[in-house]
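> Here is how the chains run, residue by residue.
There are 2 protein chains.
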Amino acid sequence: MTRCALCDRIDTSSEYRCTCGGPLQLDHFKGSIKEGGNVWSAYRDFFPYNLSKEDSLGEGNTPLIRAKRLSTKFGINLYLKNETVNPTWSFKDRGTIFGIKRALELGYKRIGTVSTGNMAASVACYGAYHGSRILVLVPTDIHEDKIGQISIYGPEIIGVEGDYGELYYESLDMDDIYFINSDNPYRIEGYKSMAFEIASDIDASHVIIPTSSGGLFRGIVKGYEELFQNHILSDLPKFIAVQAAGCSPIHRAFEEGEPVKRWGPPHTIAKAISNPFPPSGDAVLRKLKELKGTCAAVNDHGIIEAQKNIARDGIYCQPASAVGVAALPQLINDMGQGSKVVSLITGSGMKVEGRSTKVNTVTMSDLREKI
Amino acid sequence: MTRCALCDRIDTSSEYRCTCGGPLQLDHFKGSIKEGGNVWSAYRDFFPYNLSKEDSLGEGNTPLIRAKRLSTKFGINLYLKNETVNPTWSFKDRGTIFGIKRALELGYKRIGTVSTGNMAASVACYGAYHGSRILVLVPTDIHEDKIGQISIYGPEIIGVEGDYGELYYESLDMDDIYFINSDNPYRIEGYKSMAFEIASDIDASHVIIPTSSGGLFRGIVKGYEELFQNHILSDLPKFIAVQAAGCSPIHRAFEEGEPVKRWGPPHTIAKAISNPFPPSGDAVLRKLKELKGTCAAVNDHGIIEAQKNIARDGIYCQPASAVGVAALPQLINDMGQGSKVVSLITGSGMKVEGRSTKVNTVTMSDLREKI
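So the sequences go chain by chain: A and B. In our numbering, each residue carries its 1-based index in the first sequence increased by 102. In our numbering, each residue carries its 1-based index in the second sequence increased by 102.
Honestly, the hints are just simulated from the structure, not real lab data. Treat each hint with caution, since some may be false.
What the hints assert, rightly or not - In silico lysine-lysine, PhoX-like type, Cα no more than 25 Å apart, as pairs:
(1) B:Lys155 - A:Lys211
(2) A:Lys155 - B:Lys170
(3) B:Lys211 - A:Lys175
(4) B:Lys442 - A:Lys155
(5) B:Lys170 - A:Lys410
(6) B:Lys155 - A:Lys175
(7) A:Lys155 - B:Lys136
(8) A:Lys136 - B:Lys155
(9) A:Lys340 - A:Lys175
Could you build all of it, start to finish, from the sequences and the hints given here?
Shown next as structure tokens:
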């Protein structure tokens with residue numbers, strides 16, 4: 103059953119969003135952990151689909167690494183959840199696989215996404231592997247180099263003139279294409295697997311989540327909530343959403359106690375988390391309030407420093423993934439000595455500019471004809 | 103016990119190479135597979151060290167993916183062993199971890215490697231994680247961009263004027279630094295884990311191995327031989343070494359029935375396998391002959407085409423990793439319909455030029471003073 107993450111209304115009229123504007127999500131699952139196997143089989147009661155060997159590219163089941171130097175530096179037990187070792191080198195793969203399963207179940211021949219980075223590469227890769235026709239919508243001002251990794255998987259890539267945030271909503275009305283965007287309900291279900299893996303490894307006191315659209319944050323929290331509701335965990339960790347100061351609409355709203363408002367043009371090196379109008383922003387705020395979580399913003403100087411320190415502890419991550427560690431100096435006072443803190447390392451530092459590829463571009467109004 | 107991989111002599115006077123010039127290797131292990139856990143614990147009888155959770159960054163235990171489109175195209179069951187999801191996104195991590203363990207066991211404070219690519223990044227990363235001082239020796243003509251990933255882990259990087267092949271041998275005489283080069287005996291032991299994982303997943307008829315220095319080939323074969331000698335497997339697969347035509351000294355020697363001679367300057371996009379004077383070349387030839395394996399060389403056009411086809415089957419690999427698939431058209435006649443063929447996908451396609459960093463350079467004769 104699908105319910106709005108903002109107003110709790112049950113909504114069966116749409117796949118993606120409630121009439122109130124909030125993002126839809128599947129109701130919480132009931133179940134228990136099964137013996138053996140990987141996260142997808144051990145926690146299969148909690149996922150909308152069983153994954154077969156043929157479905158999978160080996161996503162998830164990533165290492166949780168104790169950051170030796172950073173733990174000493176901050177006087178805590180800091181663990182890094184290394185999502186850079188997924189099949190397309192970011193956490194997106196965990197959600198993409200369920201998005202694809204949903205699209206195929208509904209009989210869609212075409213699958214799309216609105217993204218310029220990790221998510222586009224992930225959807226293009228899984229779409230190719232499953233034999234689906236893939237459409238990636240990007241803004242026209244995207245640097246040609248940025249789509250190198252995306253294009254190798256062979257999707258159709260179209261640059262669209264106009265407002266990028268608007269394109270997210272525009273895409274949801276395209277009836278013959280299933281869009282797996284940042285907070286698609288099935289994508290969120292896949293992200294729960296990270297919570298399950300962390301909880302099976304350690305009893306975390308704090309989980310720090312780089313936050314852009316809000317989809318990852320919602321998935322982690324929903325995973326932990328399901329473990330708690332099914333008496334697998336007796337406590338929830340404290341959840342901390344971190345944004346880059348140069349694009350931090352959720353942090354601003356959290357501080358002001360207001361709903362999320364559109365941010366101006368992003369100015370940060372943490373490009374992978376620079377969504378100026380996060381579609382799950384208010385749903386994140388709701389959870390932060392309900393679960394007494396907190397929100398932080400960090401500047402680029404701190405991000406670069408943190409990226410270097412994370413590498414010395416064994417993981418070369420992209421700048422967006424370093425915001426959790428960059429936020430530690432402002433968070434540490436509220437953490438007890440010896441706290442068990444997990445920071446999600448969402449994507450690889452190798453995700454830099456690669457091959458150049460030309461993109462066909464259209465206006466927003468011409469988009470429907472073009473596809 | 104350490105024995106020469108070329109002349110079988112037992113040699114305890116050196117860590118790396120026999121007086122005959124051949125590479126040393128540990129004697130074959132005896133044991134059985136243990137229940138549960140990952141490859142390092144299940145096959146612990148066959149490794150020189152037990153790995154603890156603190157030792158590991160999560161290397162190995164990678165997915166074996168059935169290549170759907172390529173299998174159909176060639177009428178075989180083609181499987182891709184995805185080594186791009188290791189902690190530094192290449193297979194090198196499997197060998198580096200045992201190299202580091204060996205260096206720490208011997209009490210070395212400094213660890214070095216001669217490499218410009220995957221191996222340098224891997225050694226720099228694991229060295230940082232284990233708190234060792236790392237030295238990376240590179241040729242002076244290396245493009246600054248190439249060492250982006252290496253430098254993030256914080257090693258000392260020195261460019262050395264002179265012959266790069268010579269630098270490999272020069273490094274082995276530096277008594278106060280433990281060098282984990284391409285065919286270091288402990289590195290080879292780590293590569294065996296790939297054979298163990300493949301054999302536990304499928305009964306492969308052919309295993310195709312991109313080959314440069316020869317270290318990877320030797321590790322895979324040694325792993326399979328140990329399974330055979332311990333009656334875990336009743337047959338060996340056919341081993342196929344593949345090189346890039348623009349730098350194929352082992353292939354040339356195989357065709358001519360001669361020992362490996364130095365190749366001229368490499369001309370290929372498969373940079374990660376362009377060693378013009380492979381230190382384990384003759385040891386590879388010996389095994390190819392003994393086990394009735396074969397050797398192929400492929401041109402850059404075929405490599406680029408194969409890289410694209412591998413991506414459509416779900417893995418974006420670097421050009422060097424695509425040589426196995428690129429060789430299929432010339433190998434397919436000798437494979438039966440429905441053969442189970444594994445091609446090793448050794449490193450990520452994201453491993454392109456990244457950040458620029460300046461390198462200090464010295465002459466070969468000044469090197470000892472400098473370090």
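> Now tell me, hint by hint, if it's right for this structure.
Here is how each hint holds up against the structure:
1. B:Lys155 - A:Lys211: The given pair, whose Cα atoms are some 44 Å apart, is violated under the 25 Å limit.
2. A:Lys155 - B:Lys170: Judged against 25 Å, a Cα distance of about 12 Å means the pair holds.
3. B:Lys211 - A:Lys175: Within the cut-off at roughly 22 Å; holds.
4. B:Lys442 - A:Lys155: holds, 17 Å
5. B:Lys170 - A:Lys410: Judged against 25 Å, a Cα distance of about 39 Å means the pair is violated.
6. B:Lys155 - A:Lys175: The given pair, whose Cα atoms are some 21 Å apart, holds under the 25 Å limit.
7. A:Lys155 - B:Lys136: holds, 24 Å
8. A:Lys136 - B:Lys155: holds, 24 Å
9. A:Lys340 - A:Lys175: holds, 21 Å
Taken one by one, the earlier hints fail for this structure at numbers 1 and 5, listed in ascending order.
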